[in-house]
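Please construct the entire structure, taking both the sequences and the accompanying hints into account.
There are 2 protein chains.
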Amino acid sequence: MALVSLTVSAQFGPPRENPKVPSVVANVVEDFKPASTNQDNKPYPMVNSQRMVRAQIKAPEATFVGLDIAGKIYIMTKDENGVWTGTSEPQDEGFHYYQLNIDGASVPDPGSKYYYGASRWGSGIDVPAADEDFYTVKNVPQGSVNEVYYWSTVQEKMRHGYIYLPAEYYSNPTKKFPVLYLQHGMGENETGWSAQGKTGIIMDNLIAEGKAVPFIIFMDNGLDTRRPGDPSPEEMRRQFAGQRPPQGGRPGGRPNFGNFFEAFQQILLTDIIPMVEKNYRVIADTEHRAMAGLSMGGMQTHGITLANPTTFAYVGMFSGGTFTVDELKDAADFKKTNKVLFMSAGGRETRMAEGDGSVMKAAENLKALGYNAHGYVSPETAHEWQTWRRSLYQFAQLIFK
Amino acid sequence: MALVSLTVSAQFGPPRENPKVPSVVANVVEDFKPASTNQDNKPYPMVNSQRMVRAQIKAPEATFVGLDIAGKIYIMTKDENGVWTGTSEPQDEGFHYYQLNIDGASVPDPGSKYYYGASRWGSGIDVPAADEDFYTVKNVPQGSVNEVYYWSTVQEKMRHGYIYLPAEYYSNPTKKFPVLYLQHGMGENETGWSAQGKTGIIMDNLIAEGKAVPFIIFMDNGLDTRRPGDPSPEEMRRQFAGQRPPQGGRPGGRPNFGNFFEAFQQILLTDIIPMVEKNYRVIADTEHRAMAGLSMGGMQTHGITLANPTTFAYVGMFSGGTFTVDELKDAADFKKTNKVLFMSAGGRETRMAEGDGSVMKAAENLKALGYNAHGYVSPETAHEWQTWRRSLYQFAQLIFK
Chain Y
-15 MALVSLTVSA QFGPPRENPK VPSVVANVVE DFKPASTNQD NKPYPMVNSQ
35 RMVRAQIKAP EATFVGLDIA GKIYIMTKDE NGVWTGTSEP QDEGFHYYQL
85 NIDGASVPDP GSKYYYGASR WGSGIDVPAA DEDFYTVKNV PQGSVNEVYY
135 WSTVQEKMRH GYIYLPAEYY SNPTKKFPVL YLQHGMGENE TGWSAQGKTG
185 IIMDNLIAEG KAVPFIIFMD NGLDTRRPGD PSPEEMRRQF AGQRPPQGGR
235 PGGRPNFGNF FEAFQQILLT DIIPMVEKNY RVIADTEHRA MAGLSMGGMQ
285 THGITLANPT TFAYVGMFSG GTFTVDELKD AADFKKTNKV LFMSAGGRET
335 RMAEGDGSVM KAAENLKALG YNAHGYVSPE TAHEWQTWRR SLYQFAQLIF
385 K
Chain G
-15 MALVSLTVSA QFGPPRENPK VPSVVANVVE DFKPASTNQD NKPYPMVNSQ
35 RMVRAQIKAP EATFVGLDIA GKIYIMTKDE NGVWTGTSEP QDEGFHYYQL
85 NIDGASVPDP GSKYYYGASR WGSGIDVPAA DEDFYTVKNV PQGSVNEVYY
135 WSTVQEKMRH GYIYLPAEYY SNPTKKFPVL YLQHGMGENE TGWSAQGKTG
185 IIMDNLIAEG KAVPFIIFMD NGLDTRRPGD PSPEEMRRQF AGQRPPQGGR
235 PGGRPNFGNF FEAFQQILLT DIIPMVEKNY RVIADTEHRA MAGLSMGGMQ
285 THGITLANPT TFAYVGMFSG GTFTVDELKD AADFKKTNKV LFMSAGGRET
335 RMAEGDGSVM KAAENLKALG YNAHGYVSPE TAHEWQTWRR SLYQFAQLIF
385 K
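So the sequence lines, in the order shown, correspond to chains Y and G.
With the working numbering applied, the first sequence corresponds to residues -15 to 385, in that order.
With the working numbering applied, the second sequence corresponds to residues -15 to 385, in that order.
Because the hints were derived from the structure by calculation, they are not lab data.
Heads up, none of these hints are tricks.
Which copy? The list can't say, so a pair holds if one copy fits it or any two copies do.
Distance condition first, Cα-Cα at most 20 Å in a straight line; then the derived DMTMM-like pairs of lysine to aspartate or glutamate:
#1 Lys262 x Glu152
#2 Lys62 x Glu45
#3 Lys319 x Glu348
#4 Lys26 x Glu218
#5 Lys313 x Glu348
#6 Lys42 x Glu1
#7 Lys122 x Asp255
In structure tokens, the structure reads:
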């Protein structure tokens, strides 16, 4: 299994300060427009046709303000009215988390909407993409993303998730639907797939074009898994930090995620799936049940579908590594059950996108074993949401058919 | 009509800087706990048993940091690690918007979750209340709050709203339900009632206790009303600012809200109600249709229900003024149609809570005219969400019965 330590080390590594670099001033095309992710009527942040991000904030008494995005803090400059402005280098297409730094305080930009990632609610910005049409709201039959609370017998508390119901769920009140269980990554939560992931919009568009069959998606929190008696989050962080692979190096082995992979599996099988199959019009069998996830959610998908080989017929790992020939060559139940095995990565995630460890090579190897395996590499994107929007778009067209 | 200019002037008045006051240090009970509105695992802000709010942020290079809440900026102090801390005076029970000020920049507190109000996404804090049980998530049959996009023929664009569907909507797939159209206030949007208003939680609890009948609630954006050809938001602000009543004074007359009251009425009647009645299992008649709103949303309710007297059988104005005897004494259609007329205010909204202009006096006067009128005053709350949570709790028990 090719492990991805990017978000993992971002989450569990020591607090880092990104390097401060000058704001970009040369060769800047002055066609900046407010980002689509801005708060209503807020002009900043802006993006230009070079995909540079420009931030602005009034901070008359500050001595330093920086735009902290993609691992660098761009030093902003103050005008005579106390307004600071700064411009980043070109960013990849798609969604990025970012923040402002004001005299050493890392804070959300008051101009942007807020998203949960990197273990905090904070600023995000969508950089226009050539293929953004597939995640743009259109006047097509609309499903809905619904906020749901439910009781967890495992945790003995109310949990919180989101369910996507396709338009036909409302218009055809006797029809039953398949279900995809779809998980976020490390440092994210149950809001990620619908907010920055645009799940509902992607699905409504795909279904309207006849490219995907209508299905339900349940999106839950894969990190909120502590059971009575489990170690505290602090203890789990300590356990995990002791085992994480060296920065940038090849992981020495599979990390021990403490109890939380096992706990999420228990919650999914004991609480989530039975609740969904009880409360919604669901075709409650293996052939109409899928699981997928991004990064850590892909690793959870990997572990849970292997450990429960007859529960899910469709499996997707987005930037979460690969299934290997060793794991699957003698997995008779998994092989009999599985109808689609999908593995994807961003083109800039070199280890997963290129060479012998790539998702394409893994798919080729698994096809040779007789699996309906698919690899997908998102062009020119990293371990970020544009990769995962595109992965969902691809995966959704393959399943329940 | 008793007008409320509080949120209106907050929205349209000149930018104000709240006065800076010392952080509270004397007679502080040191039993602070993280607020329920905090981001997961964030210790600050905290609230103590005196309902004081304590904020904390690391800003090592800053020369000033303040906690900006309820019209004052509490001056925070820095420790040797560059961490700033400050404590406010006691706050009212319930939800309050707030922000931090770092060297002149007004920014969200990275510790809190974010809510839309005061015309921005920013920090909010829930101060524990003696009656918070009614808006606490419980293990009862759960409805859901659903995010919905739909086409507006009036605006020629996709709009965005939220619909609350009660648990029985899912469990009883042939039953049809009444609908309440529920509007937010000035500077807020369609997210307010479900997020800080806790609408779904309040309704699930009320229905589980048998105190309210199950009904649907649609929550839309009452400020996103610009139609092709309408003046720009900047122009509307200018029109409105020229007519707003003097600060603290008695309004000289009913303000001209530009085109946007009329536009919202058109969108509600042409787009929203037909969409809800087409896409959901709704009893589509006057006796099963209600409208209510808070502050500006109450004024919209007032205007729209008067202008369309046979469309809504149940009407609620929360901190939005009153219906007067003059308006209703000869309103034959309105009187024949109306089954409940509900008017509420916070106890600290003196003009609406006490004396001849109060909601209680208005209800008394309207009862004498033969209306089923109800007044309600929320104890010791101002023009804030605790007043409106309680108002919904009261109103929901009266309607569709």
